Amino acid sequence: MAIVVRLDVMLARRKVRSKDLAAYVGITEANLSLLKSGRVKGVRFETLDRICAFLDCQPGDILEYVPDGSEPV
Amino acid sequence: MTFAPMLARSARRLRVATWIALIVSIVIALYAAGTGLGLVGGPDAVRVTDGGQPLGRTSSMVAAISLLPFAAGLLRLIRMLRRIERGEVFTSGTIADLRGFTLLILISALLSILLPPALAIANALGGGPRRIELVFDSGDFFALLVSALLFLVARLFGEAQRLADDVSQIV
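Chains as they are written, first to last, in the numbering used here: chain A, 1 to 73; chain B, 1 to 171.
For reference, chain A alone in the conformation it holds in the complex:
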């Protein structure tokens, strides 16, 4: 998949626990874990909005486009 989820990086930068973010966004920890590992088919704008609000970041800080075959930055 060309879209890489950088949520774990942002969580580490902000020193936020997954549990707190999941509670704020209103999704289960299991779903957040799936999102962090990129094993989801999509992210709702509503979810993205809540994540960005909690982590004080932009969607581009969480999602990165990496063309297939090239190494992620």
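No lab work stands behind these hints, which were simulated from the structure alone. Just so it is clear, the structure is predicted and the values come from calculations on it, not from any experiment. Glycine included, each C-beta is placed from N, C-alpha and C at the ideal position. It cannot be assumed that every hint is accurate.
Here are a few chain A residues that sit away from chain B, every Cβ distance over 10 Å (derived from the structure) [as the list claims (entries may be wrong)]:
hint, residue
1, Ala2
2, Arg6
3, Leu11
4, Asp20
5, Asp56
Each pair of labels, with its calculated beta carbon distance range [claimed, not checked]:
hint, chain 1, residue 1, chain 2, residue 2, range
6, B, Arg13, A, Arg44, 34 to 44 Å
7, A, Lys19, B, Glu85, 48 to 58 Å
8, A, Arg14, B, Val153, 29 to 39 Å
To be clear about the criterion: a stretch of chain A counts as covered by chain B if any three or more of its residues have a C-beta under 8 Å from a C-beta of chain B, and this derived list gives those stretches [said to hold, decoys possible]:
hint, segment
9, 29-38
10, 41-54
Fit chain B to the supplied structure of chain A, relying on the hints for placement.
Frame of chain A, contents of chain B only:
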């Protein structure tokens, strides 16, 4: 009472009724096959005719053959109902069983329509009477239409289940 227990109870009742229908259809199929092979005497269990003239023992074989996919379809229906009782309403397994059931019923309906004329033609080619009369019962076509419609509904359910799976993977 909430919807889920009511659905489970209805599924259980229908499953019991389907078991009875399955046993009856197997008995009829065995009897028809028995008379077709000359193992069981007496009149044909189910008569299939062409133009009002009974085909004789072959009619029993037609009935037996067309009942086979019907019985297999009932088995798939029983499996589907058992899944619904367990609360698996829109799972891939339930949809697969529904699709299998409708497909087998469709095959059974097709066989009951196509086998008698096919046998009449084969009989004529094999030295039987040269005149072939092909008579189709409107009831058979109605059964075929309903089976085809059920099959289409099952396909639609399959698509709905795929979409539900997709949605469940969007967080």
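A quick look at each hint next to the structure:
no. : hint                                : result
1   : Ala2                                : holds, 17 Å
2   : Arg6                                : holds, 15 Å
3   : Leu11                               : holds, 15 Å
4   : Asp20                               : holds, 17 Å
5   : Asp56                               : holds, 20 Å
6   : Arg13(B) with Arg44(A): 34 to 44 Å  : holds, 40 Å
7   : Lys19(A) with Glu85(B): 48 to 58 Å  : violated, 37 Å
8   : Arg14(A) with Val153(B): 29 to 39 Å : violated, 50 Å
9   : 29-38                               : holds (count 4)
10  : 41-54                               : holds (count 5)
The structure is inconsistent with the numbered hints 7 and 8, although it conforms to all the rest.
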